[in-house]
Amino acid sequence: MNLNLFPALVEQAHLALVPTCPDFLIIRNEVHGEGFELFDKSKLRQKLLSDVGAKEIVVTRMYKWLVEGLQRSKLTPTAARNHQDFTLMDRQRLVMWQREFYEQIDSVQELLLPATIANRKASHANA
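Under the working numbering, the first residue of the sequence shown carries the number 89, and numbering increases by one thereafter.
Calculated directly from the structure, the hints in this document are not laboratory data. Watch out, some of these pointers could steer you wrong.
[Unchecked claim] Subject to a maximum C-alpha distance of 30 Å in a straight line, what follows is the list of computed DSS-like cross-link-like pairs (lysine-lysine):
| # | residue 1 | residue 2 |
| --- | --- | --- |
| 1 | Lys143 | Lys131 |
| 2 | Lys152 | Lys162 |
| 3 | Lys129 | Lys152 |
| 4 | Lys129 | Lys143 |
[Unchecked claim] DEER-style ranges, computed between Cβ atoms:
| # | residue 1 | residue 2 | range |
| --- | --- | --- | --- |
| 5 | Val119 | Thr166 | 13 to 23 Å |
| 6 | Thr175 | Lys129 | 20 to 30 Å |
| 7 | Gly123 | Met184 | 20 to 30 Å |
| 8 | Gly141 | Leu176 | 35 to 45 Å |
Every value quoted in this text rests on a predicted model; they were computed, and no experiment measured them. Every residue, glycine too, gets a C-beta built ideally from N, C-alpha and C.
The task is simple: from the sequences and hints, build the whole structure.
See below:
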């Protein structure tokens, strides 16, 4: 049976599986696009946000040429910020992307790393 033909049944099954009290994090990863219209309107999202108290973050899409440059150079965004393979503008784009990413992570730090909140603030202060 192809479950893609029965999205309402699939969503209903997912709703039944969602517990009522754990920590839940929704990561909206824009790597394949920015469209989340279906998910935004879903009962699953509403249940997670209202009943379960889920948190939601967005990982913004990085420019394609930056991703390709990182892969080609085998560098992380942090390492690429000071690397000669990247122009000054692209390095600044990486700085801004990373800063936004860290802000998103920091907004849910108590959920991800409850014991190390103080340490994370110090490590991201230089981003």
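To see whether the hints hold, each was checked on the structure:
Proposed proximity of Lys143 and Lys131 is supported: the alpha carbons are some 16 Å apart, at most 30 Å. Straight-line distance between C-alpha atoms of Lys152 and Lys162 comes to about 15 Å, which keeps the hinted pair within the 30 Å bound. Distance hint between Lys129 and Lys152 is fulfilled; the C-alpha atoms sit about 28 Å from each other, no more than 30 Å. This hinted pair checks out: Lys129 and Lys143 have alpha carbons roughly 16 Å apart, not beyond 30 Å.
A beta carbon spacing of about 19 Å between Val119 and Thr166 agrees with the range 13 to 23 Å that was offered as a hint. At about 40 Å, the beta-carbon gap between Thr175 and Lys129 misses the expected band of 20 to 30 Å. For the pair Gly123 and Met184, the beta carbons lie near 22 Å from each other, so the given range of 20 to 30 Å is met. A hinted range of 35 to 45 Å holds for the C-beta pair Gly141 and Leu176, which are about 43 Å apart.
Checked against the numbered hints above, the structure breaks only hint 6 and satisfies the rest.
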